[in-house]
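Sequences are here, hints too, so could you generate the full structure?
Protein chains: 2
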Amino acid sequence: MKVYVFKSLPPSLWGYTRDIRALWAMEECGISYEAIGFDCGPNGLQDETKYGKINPFKQVPVIDDDGYVLSESGAILLYLAEKSGKLIPRDLKGRAQVYRWLITSLNNIEPFALPILFADMMGDSNPHMKGLRPWHAKILDRFFPEIDKMLTTQQFVVGKDFTVADIVLTCVLRELRKNEILQNYPNIEKYRKHCEERPAFVKVLNAYEDRLGIVRGSAR
Amino acid sequence: MKVYVFKSLPPSLWGYTRDIRALWAMEECGISYEAIGFDCGPNGLQDETKYGKINPFKQVPVIDDDGYVLSESGAILLYLAEKSGKLIPRDLKGRAQVYRWLITSLNNIEPFALPILFADMMGDSNPHMKGLRPWHAKILDRFFPEIDKMLTTQQFVVGKDFTVADIVLTCVLRELRKNEILQNYPNIEKYRKHCEERPAFVKVLNAYEDRLGIVRGSAR
Numbered sequence: 518m519k520v521y522v523f524k525s526l527p528p529s530l531w532g533y534t535r536d537i538r539a540l541w542a543m544e545e546c547g548i549s550y551e552a553i554g555f556d557c558g559p560n561g562l563q564d565e566t567k568y569g570k571i572n573p574f575k576q577v578p579v580i581d582d583d584g585y586v587l588s589e590s591g592a593i594l595l596y597l598a599e600k601s602g603k604l605i606p607r608d609l610k611g612r613a614q615v616y617r618w619l620i621t622s623l624n625n626i627e628p629f630a631l632p633i634l635f636a637d638m639m640g641d642s643n644p645h646m647k648g649l650r651p652w653h654a655k656i657l658d659r660f661f662p663e664i665d666k667m668l669t670t671q672q673f674v675v676g677k678d679f680t681v682a683d684i685v686l687t688c689v690l691r692e693l694r695k696n697e698i699l700q701n702y703p704n705i706e707k708y709r710k711h712c713e714e715r716p717a718f719v720k721v722l723n724a725y726e727d728r729l730g731i732v733r734g735s736a737r
Numbered sequence: 518m519k520v521y522v523f524k525s526l527p528p529s530l531w532g533y534t535r536d537i538r539a540l541w542a543m544e545e546c547g548i549s550y551e552a553i554g555f556d557c558g559p560n561g562l563q564d565e566t567k568y569g570k571i572n573p574f575k576q577v578p579v580i581d582d583d584g585y586v587l588s589e590s591g592a593i594l595l596y597l598a599e600k601s602g603k604l605i606p607r608d609l610k611g612r613a614q615v616y617r618w619l620i621t622s623l624n625n626i627e628p629f630a631l632p633i634l635f636a637d638m639m640g641d642s643n644p645h646m647k648g649l650r651p652w653h654a655k656i657l658d659r660f661f662p663e664i665d666k667m668l669t670t671q672q673f674v675v676g677k678d679f680t681v682a683d684i685v686l687t688c689v690l691r692e693l694r695k696n697e698i699l700q701n702y703p704n705i706e707k708y709r710k711h712c713e714e715r716p717a718f719v720k721v722l723n724a725y726e727d728r729l730g731i732v733r734g735s736a737r
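Just so you know, the protein sequences line up as chains A and R, in that order. Using the working numbering, the letters of the first sequence correspond one by one to residues 518 to 737. Using the working numbering, the letters of the second sequence correspond one by one to residues 518 to 737.
When chains are identical, the list treats them as one kind, so a pair holds in a single copy or across two.
27 Å max Cα-Cα, derived DSS-like pairs, lysine-lysine: (1) K570 x K519; (2) K600 x K570; (3) K603 x K720; (4) K600 x K677.
In case anyone wonders, no lab produced these hints; they're calculated from the structure.
Okay, structure coming up:
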């Protein structure tokens, strides 16, 4: 399987890009892949014309499974899991709880986590983003106490098994890893670190740093 | 099947709430349901304690399928479609394209459409939201030209068949229905209106307005 990823990135994006999600899932599912790197400058992809043929939205990652092209990392993760029969239950009721947590991560948490990351990156240069930061943090404080409590009695978001929903949630939580937002949620932080200790994640992050040509640990 | 919905809402939220998505899918799939209404005031749900037992995040909708409880409208739609064998292809490759467009709608479009709706609702009372409006609009202008072009050659987002991804995309586009954002995208507007003309949507919207006790057309 081919997977389109980044091979260069501005330092502010190191460790945040969504190719990590697809690569992590591939490693966990035992799918062999060839990573094809694209360069990303401060204004986006460098070779837009070429990449636009693969994904009109010019977003990374995209997979090409023997001619079957799929974009959108959340969809890629579900595809990889269902194809390999790993990281997702087989029955619909079990599967739908994975959908639920994957979509919660992408539609309830990330839309507020990402603007906080942007606010911290942009600082005083974007007073509006900075001005909305407390509002975004307050919305996250509606979700995190419940998740923190839930993680006292179960290891992963849908229960005892690690699923693709954990890959997505961990990567969304990583958008907050350098600020104070998660300080009040020790079980969420413990969960994130526990997921990041998985051999598949460590392998992917090391290869990611090597691909970008950056010092070991810079994307952690 | 039980579905938890709103039975009262502040006027600013009429026609935007996500219970519409679940109800629309149920009608399309031919699933019979009992709608259980909760009251939503300006500061959220009125009977939080009771509803908190059903959904800790206190979000609407939630379904209860003979004791199986599922929240998160995107997940509910996939569950309903797969359970009924309607609005989604059966094979994984076809299904994954539905995941792709459903998640694109929820993770690429809605996180920027919703702040525009909020900016227009809040006006001068929130200068930061207003200040970010052009930035949010610019991000949407990365996605909409491609979708508009795509809809010149295909009727629905994954091709010739209507799927749950169209329900989600239409409802996300509805967040922009009262402003200028979609003016430059005639095929997207045509698509949205075409989807909204479906008998299932019309039936759900009429029942929604009746449930809220508001004049016919107020939620359109």
